[in-house]
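**Q** Here's the letter readout for the chains.
There are 4 protein chains.
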Amino acid sequence: MKPIIAVVGGEKSVSLKSINYAEKIGQDIALNDCILVCGGRGGVMRAACKGARQKNGLTIGILPSLDKKEANEHVVVPLTTGLGNTRNALVVSSADAVIAVDGGVGTLSEISLALCNNKPVVLVENSSGVTDLLLKEKEKPGFEDRIHRASASKAVKKALDLILEGK
Amino acid sequence: MKPIIAVVGGEKSVSLKSINYAEKIGQDIALNDCILVCGGRGGVMRAACKGARQKNGLTIGILPSLDKKEANEHVVVPLTTGLGNTRNALVVSSADAVIAVDGGVGTLSEISLALCNNKPVVLVENSSGVTDLLLKEKEKPGFEDRIHRASASKAVKKALDLILEGK
Amino acid sequence: MKPIIAVVGGEKSVSLKSINYAEKIGQDIALNDCILVCGGRGGVMRAACKGARQKNGLTIGILPSLDKKEANEHVVVPLTTGLGNTRNALVVSSADAVIAVDGGVGTLSEISLALCNNKPVVLVENSSGVTDLLLKEKEKPGFEDRIHRASASKAVKKALDLILEGK
Amino acid sequence: MKPIIAVVGGEKSVSLKSINYAEKIGQDIALNDCILVCGGRGGVMRAACKGARQKNGLTIGILPSLDKKEANEHVVVPLTTGLGNTRNALVVSSADAVIAVDGGVGTLSEISLALCNNKPVVLVENSSGVTDLLLKEKEKPGFEDRIHRASASKAVKKALDLILEGK
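Chains as they are written, first to last, in my numbering: chain A, 93 to 259; chain B, 93 to 259; chain C, 93 to 259; chain D, 93 to 259.
Where hints are given, some of them may not hold.
Since the list gives no way to pick out one identical chain from another, each pair is judged satisfied if it fits inside one copy or across any two copies.
Result set (DSS-like, lysine-lysine): computed pairs, CA atoms no more than 25 Å apart in a straight line [what the hints assert, rightly or not]: (1) 250 x 160; (2) 147 x 94; (3) 142 x 94; (4) 147 x 116; (5) 161 x 249; (6) 249 x 160; (7) 104 x 116; (8) 94 x 161; (9) 250 x 161.
To be clear, the hints were calculated from the coordinates, so they are not data collected in a lab.
All values reported here derive from a predicted model rather than from experimental measurement.
Here chain A stands alone, though its shape is the one from the complex (with noise of 0.2 Å):
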C-alpha cells in the first residue's frame, strides 16, 4: 500500500510563503508515490493538493460538513463527514505521518492528535503560525521525541524517514 500523509495548515491569513510550501509539499507528496489526506477545504489545503495534482498524484480531502461542494477544486475524493470540527481527528488518524504547515487552532489541534497516536509529526521550518510557535517552543512536555522539524523542500523526505523508522 502506497503511504499516506497528510498535509495540515491553515485555511484563512496564510501567508503566501507558506502556499508555496504547502504547493512544493503537495508536488514531493505525488512525485513520491504517496497518497495526500487532509481537511479538504482552502489556504495550506488547497495549495497542497493543487501542487499533488500538478504531479498526477491523489487527494483525499475529509470535509467537515455533508456538502462536497465545499471541497476545493484539487481534491481527487472528497468525503463529507457532517461532523464538524470534529473530523480533524481523522484527518490525522488515516495518515502514516502528518506535515504541519503555518496554521492556527484547527491546525493545532490536528497536530496534537497526531501525538495522540503516535503518529509522527514534521513541522515546516519557517512558516508562521501554531507551527512555528510549536518549533520555537524548547520546553514541549512529553512530545519532544515524535515532533520533527524539516524545510518545506525536505518535509516529505523527512516524513518518508519517519515512517520507515517506524516512528
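Chain A is fixed; fit chains B, C and D onto it per the hints.
**A** Chains B, C and D only, in chain A's frame:
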C-alpha cells in the same frame, strides 16, 4: 467530481451468490468511472473492492480500527479511524448513493444512517440477510420513497440514475 | 454505578399512545434508580425525559448540534456534539440497555448500532413505526437473540433483567 | 439549565500541586451549581471528579473505550464512546467553558478543539505541562482573545464570568 458509491453488506457468513453480486457491482462502479467507498474489510466489502480493482477503479476503505492492516488487499486507500462501529456513519456520509448486498446489523445501521442523511439506497434483490428483510417488508414507515430495489446487474445504473435525479 | 438506559424513538408524527408509553418508561427508569440517556430532542425523547423528571431522575441528552437550546426542557445534562446524525451511535454506546418506542430511520440506526455493540435491545410492543416492523418480522438474520420484546409497562424491568444477565 | 464546565488535564506524571488544583476546581464547580464534564479517567480528571463529589456535584465522564470500568470512581455518569482519542472533541464540545490544568498532547488537543468551537478556555496558572507552555507563550497566533488565565482558586469564577459575557 466523480460520483462516490458506497457498497455495504455482510462480512461473515455471506453466501457465494452475494459475493458474486458484490464483485459485479464493484466492476460496474469502476466501469462507470465512479469511486467505491466501503468499510474496507472482508465479505461483501472485499468482493466489491476486488471487482472495482479488476476494472482499475479507485477503492476507499473506511476502517474501524487504527490499523491499516485491517483493510482487505483490494483497498487502494485505507482510512483508519479508531471509531469502532461509529465509522459506519462515515461510510455512508461520504457517498452519493449506497448499494446494499446481504448483511446483518452493521449493514442495517449503514442503510438507516444513509436514509437519515437523505442518501438514496439501492437494495440488491435476492441477496438475503438484512437487505432481503427490508425488501420483503411492505410497510417501511417513513422511508419508502428513499429505498429502491434493483438486481445486482442493474444496481449501479439504478444508483447513478438516482444521483442524477437528486434523490 | 447506576445502570444507564437509553430510550430511542420517533421525534415527529409520534402517536399519543407512543408518547404515553415513553413517559411511563421514563418514570420507571427513574423509579428504578437508573440514568436515562437519549437524543435529547422531541417526541419520544421528550416524553421519556418528562417521565423521568416527574420521578426526580437524571436525564442526559446527546444532541446532534452544538446548540444546547436544541434540548427539550426535561433534559438535565444537554451534551452538544456537533456530529449530526452520527451522534446516534453515542446515544446507544453509552447505555447498558436500549428501549425502543415507535420511530423511523433514526431509531432504526440506533437499534442496529446497539446490536453492533452487543447491547441488549427491548422493543416496546404495540408502539408502531420501526419498532413494530422489527417485532413483526419473523426472520431477523443474525440478531434474534439480542432483540427482546416487552409491553411498555414491563420494558424497564425487562431491560434491567437483561443487564443483570449480562446479555 | 446549569452551566457545564469541562476540566481537562494530564493523566500520568501529574504533580501533586496540579492534583490539588484540580480537586479545588472540582469543588468550586459543584459549589457553584455547575456540572463537571471530563474525560472520565485518572490524574487531573479523577481529582476534579473527587472534588466535585465532595460537594455533592454531578460528574460526567466521556470515555474513549466502550468499557465503563475505565471510569474513575468519582464519575456519576460514565459515557462510553468507543471513539478512542476522538472522544477528546466531545469532552469540550459539550462544555460552556473549559478549564485546563497541566497535561500533555491530549490536553493540548482538547484546548485547541475548544478554541475551534469558540469555547472560552481558562488556563490554570503555575500548573506545568502544556497549560504552562501556552501561558508562557507571548504569541498565540489567532487565539489570544479566547484564552484566559486564572489561579486555581479563581478558575471557576473566571469561567463563569466568561460564560456570562458570552465569550
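**Q** Quick one: which hint numbers does this structure break? Sort them smallest to largest.
**A** none
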